[in-house]
Amino acid sequence: MVVVAIPPPYRGPTAGADRIEVPAGTVRQCIDAVEARFPGFRTQILDDRGRVHSFVKLFVNGDQLGADALEIAVGDGDRLEVLAAIAGG
Amino acid sequence: MSSGPQGDRLIRVDMTTQTATTEPYPDAWKLLGGRALSARILLEECDPSCDPLGADSVLVMAPGVMAGTSAPTSGRISMGGKSPLTGGIKEANAGGEPGQDLMKLGYRAVVVTGQPSDPDKRYGLEVDESGVRVVEADDTKGLWNYALCEKLYERYPKKASFISIGPAGEMKLSGASIACTDEKGRPARHAARGGLGAVMGSKGLKYVAVDAAKRPVRMPADRKPFFAYSKDYTKNYLAGPQMFKTGTSSVVPVANMLHTFPYKNRTEGQSPDAKTLDGARIVESFEERGGGMHNCMTGCVVQCSNVVHDKDGNYKTSALEFETLTLLGANCAIASWEDVADLDRLCDEIGLDTIETGAAIAIYMDSGGMEFGDAEGAKRILREIAEGTELGTAIGNGAASIGRKQKHKRVPVVRGQAIPAWDPRPLKATGVTYATSPMGADHTAGLIVNPGLPPDQFARASQESQLVNAVCDASGFCQFLQPTIPEIASYYSMLYGEEISREQVADMGWQCLQDEWAFNRGAGWKDADDDLPEVMKNEGVGPDGVMKFDVPKDVIAQAKQQRFDPRDELFQLKATG
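Heads up: the protein sequence lines correspond to chains Z and W, in order.
One point on numbering: in our numbering, the residue at position 46 of the first sequence is 46, and numbering is uninterrupted.
One point on numbering: in our numbering, the residue at position 491 of the second sequence is 491, and numbering is uninterrupted.
It is worth saying that the hints were derived from the structure and are not from the lab.
One or more of the hints may lead you astray.
To be verified - A short, non-exhaustive set of chain W residues, derived as facing chain Z with CB atoms under 10 Å: (1) G240; (2) G247; (3) L447; (4) Q479.
Claimed, not checked - Covered, in the sense of this in silico footprint (three residues per stretch, anywhere, with C-beta under 8 Å from a C-beta of chain W), are these stretches of chain Z: (5) 28-41; (6) 47-59; (7) 76-85.
Backbone N, C-alpha and C define an ideal beta-carbon position, used for all residues, glycine too.
Okay, chain Z solo, but in the shape it has when bound:
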């Protein structure tokens, strides 16, 4: 299983859950798996064309993913982390 770490701003759809376990697959499949259990999660990560929002950053085991993030494979025991910029100013 892959652990998807949910940042605080995105815990509305997950009803406060901060990590969700999903089957191994690509990053896109992991996001879809979270969406299947918690509708509303995916639109926080992907835009209406299915691309990662510019304000979202994805990490696997601490390494930041690049332009091909959604197709990267994540395996059992991996940690997929979602980060979103939050600040006032």
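Given chain Z, work out where chain W should sit, using these hints.
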């Protein structure tokens, strides 16, 4: 190993006699700085029942503990006093150079008391290696902040930095800010919230000029470990995601998605103009126009401050922040970031809090005073503030003031101070902060962006966030560096060459809140009033308007009634504002 910074002093300025003196800084206060130091001085030396704009009021300017050192992003300065908006204690902090320069000279705080007998007189305070003195400054009367600084740079060295007020502060308007010059000498960094510019104006103090000349950075006791720690800290920060690399304005789409991008005087939580107000548009402008991201103060590694140019490639303003794009943009249904940039510059010039002023203009629009979306009208109103017209004065005095004038019912304020962009309806724990913080509705006092937080955790999350932010605002570190309490404790330990535990630092944060709550009790604040206005409870945002602030008063009260036992999570929590 030495014992760290030695010979620190405190500047005392008596504006009744226009005299300035210095005295040794109490050793007992060596770990107090910024907000915590301001709170302690105000609690001990300012009658909380005083008129905030009267002679008995006290204004404190206190850099954080780490300011003036080589630690990254650590030079913020706190302004503290009794707020003419909330009637309680207020701290507002800013980046820029004055905090660094004061500390390089060894001055831990400037404490301003008294009031000149002639309210038409203007004065400046000079701080340099030769000492401190109050000087006459009638020739600066009425000057807007940028023109003022240009004039001051003719008088003082190019390396000097300034703390100043614009016309709004001189007119003692409750929305007035205090400006600090940035690395380029521009008065673009504002300690904005709570109307402390009016307190400075009430003392006839137009500016403080700080010339640290070639003074080196403050030397820590444990030099080698300190420098190594800073090097690693910076390296790790730069190797990380750098979430604020494109500025706070890049938060717009996230905030809009979370229904915390208020539209039309907070009648909705999302704006149809989120794309045109998105900070990404500002970043896109850099290529053709110039401008870009920069550090607002020496030694900053975050570099979240944008420099915005106009279509001709000339400097327009800095920094155009998320809160400004929300309150002066979306909340007024002004769709163009360029119009908001104009409004931001006007606010910086006149010396106004963009949050308070944006909220006030939106209320004026909502009450029928002008059309929503009228950007030129909004600019005209800002100029009217500087001219002192009846309407300008009502807006310049803030959201509650214009609400009273217009007899309008939808006035989103807490204890007289406008609610920031971060909305307490989708972010209920942040609402608990607005209700209980000694700062009132101020997101920098304890922002919790966690819409899925279970209700039984609201109070604890708010209290912990308030505590961590109080610690950060005492340290001089910027909240956007997001230091944890243990990291700040490590820095304090190396600065003074003695073991300072994370628990001690957390206790200092809690004591800061205690001091502030004590001041507010003396000022007449009642625990029973720890709540949000009815408009936040009755008018919802989000799908079908279901998001309302519905946190029971007994839950709100838990955030300040007693301290929750420190847990490990507290020491992993990052400051967020």
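Hint-by-hint comparison with the structure:
With 10 Å as the threshold, the beta carbon of G240(W) comes within range of chain Z, its nearest partner Cβ sitting at about 9 Å, so the hint holds. Satisfaction of the interface hint for G247(W) is found here, the shortest Cβ-Cβ separation to chain Z being roughly 7 Å, below the 10 Å cut-off. The beta carbon of L447(W) comes within 6 Å of a beta carbon in chain Z, closer than 10 Å, and the hint placing it at the interface holds. Taken as an interface hint, Q479(W) checks out: its beta carbon lies about 8 Å from the nearest beta carbon of chain Z, inside 10 Å.
Counting residues of the region 28-41 of chain Z whose CB lies closer than 8 Å to any CB of chain W gives 0, so the stated coverage by that chain is violated, three being the minimum. Closer than 8 Å: that is the beta-carbon criterion, and the region 47-59 of chain Z has 5 residues meeting it against chain W, so the requirement of 3 holds. For the region 76-85 of chain Z, the stated coverage by chain W holds: 3 residues have a C-beta nearer than 8 Å to a C-beta of that chain, and at least 3 were required.
When the structure is compared with the earlier hints, a violation turns up for hint 5 alone.
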